[in-house]
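Colleague: Turn these sequences into a full structure, and let the hints guide you.
There are 2 protein chains.
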Amino acid sequence: MTLGSSNGAVADAAPLSAQESDPRVMGWMEGFPPPKDKIITQPDSVYFSFPKLRWSVCHLREFLPTEEISRGLGAPVPLAYPPPYEFGDLRDAIDALTFTPLGAHAPMSWEQSLYANYTDGVLILHKGRVIYERYFGCLQPDGKHAAMSMTKSLTGLLAEILVVEGKLDDAAPVSAIVPEVRDSAFGSATVRQVMDMTTGLRYSEDYADPNADIWTYSAAASPLPKPAGYAGPDGYWEYLQQVKPEGRHGDAFHYRTVNSDMLGWIISRVSGKSVTALASERLWRPMGAEQDAYMTVDGKGTPYAGGGLSAGLRDLGRLGLLMLNEGVIDGKRLFPAEVVKKIRAGGDPAKFGESYPALVGGRYSSMWWLYPGDEGVIAARGVHGQTIYVDPSAEMVLVRFASFPKAQNPLIDPTSLPAFRAVSQYLKSR
Amino acid sequence: MTLGSSNGAVADAAPLSAQESDPRVMGWMEGFPPPKDKIITQPDSVYFSFPKLRWSVCHLREFLPTEEISRGLGAPVPLAYPPPYEFGDLRDAIDALTFTPLGAHAPMSWEQSLYANYTDGVLILHKGRVIYERYFGCLQPDGKHAAMSMTKSLTGLLAEILVVEGKLDDAAPVSAIVPEVRDSAFGSATVRQVMDMTTGLRYSEDYADPNADIWTYSAAASPLPKPAGYAGPDGYWEYLQQVKPEGRHGDAFHYRTVNSDMLGWIISRVSGKSVTALASERLWRPMGAEQDAYMTVDGKGTPYAGGGLSAGLRDLGRLGLLMLNEGVIDGKRLFPAEVVKKIRAGGDPAKFGESYPALVGGRYSSMWWLYPGDEGVIAARGVHGQTIYVDPSAEMVLVRFASFPKAQNPLIDPTSLPAFRAVSQYLKSR
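So the sequences go chain by chain: A and B.
Start counting the first sequence at 0; every next residue gets the next number (numbering that gives the first Met the number 0).
Start counting the second sequence at 0; every next residue gets the next number (numbering that gives the first Met the number 0).
Treat the hints loosely; a few may be bogus.
Each pair may be met inside one copy or between any two copies, as identical chains are not told apart.
In silico lysine-lysine, DSSO-like type, Cα no more than 27 Å apart, as pairs [what the hints assert, rightly or not]:
hint : residue 1 : residue 2
1    : K37       : K272
2    : K35       : K272
3    : K341      : K331
4    : K340      : K427
5    : K341      : K272
6    : K341      : K427
7    : K126      : K243
Treat the hints as calculated values from the structure; they're not laboratory data.
Modeller: Written out as structure tokens, the structure reads:
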């Protein structure tokens, strides 16, 4: 493989394996200075194309302005672990688990799946204890990783907390809360339709299509100075004001990032706080986080509520525990149980559609994914393989950071979802 | 005062007082979104001009790419405090101290000086305990503030640690360590001349002169994409390779930021670590820091060793304690006492010159300021009023963050240095 072939434009041809594309193997950004062909720089079409993205997912703040989600100044509350000998046995047992990837015939081991999925970090909590934890590629226990669209679930959780506390009326039209979007497609949607992404918007989010609206949106959102002659919207919130309608609100689930940014605006407007400040106050500080997290911001300092979060693996484990235990962590209640119960009860499988082959029959509720099946799995998902996977049937929380070469999660679901179920089965059988 | 008069270009006319220019009074960045005339954005000529800079000094990461200086994942080691009633009495006593500003006749109280100096945060440690701590403007205990050129002292301390440990030969020519600068003015300088800023370089750092080299340097250093047709050096280290000589190395102290970036390159080259990684490993992690710090980076990810640090007030107090106690904090030795002894013994008052009226007879050594006088004060200084002031004669460490309207510290020294001495005298008299 030559370096030329690592260019995003030709990445299709022969993607490097997880081991080959390990940032330490590639030598990205090593040396003072690194060799010219090992330096990763702007623009995002460079730094966020495979295999460079395998380094960049741990280093977004080095490319972009960001806002902190503070953990505060106190001591973190360490996660619980089994004794080391037991931890080692559990790791061996889980690594050896096998499953059949969706649409495949040959079995795959859990450990093989970690490489198939370009895993950067994986953490499994069972009955409140960390029973499995491994790091790969650019990630370390004290590092942060891009959460991508898992950010949406953070935004959705904060919104649902405000709903349950009576501070946000989810039946209200968005225009009653944010009059600035009165003339956009959002104006006539309800807050709940935004939370569940059943708005009728003209918005294409096909990451593989270079003309998709998502890229226009990115131009509005870029914190870099706008190019000369740029006449488009400046910042996330100006973009939202000119989104056009398409279809009817409430008819169907359409996965569109702009809903999350609309929700970010809504919760900031009703709480008087930025999404970062809310996340710090309601979650990062009280949950005993061991690292600050951060969110990228647009040129006006607005955090990217649809995808800007970077955080530590264990801290997203804490977030998963809060979902599993309905607001309680370390014996402390952070928000009413009703918040998670409402999220679980929401969404509509009839509206969910078939865009996600592995999830047909599931639901999308308050920006969380409710998986089909009896286990009652609730998940956060982000492109390139990010997930928080909460399986109450096994009292399990699984967090995975990854840098899968392609963005689309349906490509990584086949080697992921059955692997997660294999772990869940194993834990239930112990 | 109209908002128009707060523009940097006319700030001379009638600078707002500390109270008037308090970011909360100005309403910068308040609201979702803030009103148009309250939004602070790029470029730095906007966000870093008074009075906007009073907000921006606490929010640099929201404008610029940054690299973390990690505190690690453990519990911070809290600073020691006297009992609250004693703390309150101490605060009253210190607030009431009076002194005569340099060149003035009328006395000023310590508390008045806080406003005269546009103080954002001030921390005083005496015999290892925090006896005074106040926050103003944009700063909070859990916030971070731009350290500006105090960054240089961090870089110098790390370099001196490597010298004492035998990993860096301070007598070696720079070209022996970083051959890339062989043809620049740095090539023929010794490491020690760089550390003490006695290099002979053509470099103007007059912040008031729009044609000064510092601004060209800023263009090289900017992480934003270069303007079309830009043909200058890209990044800190490319800039260093084309610095021209002027005068003779070793003859005189000339305060030039590029020396610090050269030193950053040197210590990265010999240690194999970025300045941020070194600062984390040698200082932030072992000193029990309560916050991560960060440094801004250029377009190639090189931390700005000459001015890029932002940190918490108390964490710079910890750094001051390490200087006071020659490498020991909380009973733990982080580096040999020889490091501070060497810094204290270095520099040459004959070379120091008279550019700093309040400091004539002082020295500059390993990027620390050694003040004239019997107290043996050693200090870090940064534009707009940043200082770590270590007075061993009073077992005192004082850290001040500020956002004085003008950059130049000689303008703020008259209401600062005699104020610091008044506190020192008071503490010695107790």
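Colleague: If a hint holds in the structure, say so; if it does not, say that too.
Modeller: Verification of the hints:
no.	hint	in the structure
1	K37 with K272	between (40 Å within a copy, 16 Å between copies)
2	K35 with K272	between (43 Å within a copy, 18 Å between copies)
3	K341 with K331	within (20 Å within a copy, 51 Å between copies)
4	K340 with K427	within (23 Å within a copy, 62 Å between copies)
5	K341 with K272	within (23 Å within a copy, 49 Å between copies)
6	K341 with K427	within (26 Å within a copy, 63 Å between copies)
7	K126 with K243	neither (46 Å within a copy, 65 Å between copies)
Hint check: a violation occurs at hint 7 only; the rest are consistent with the structure.
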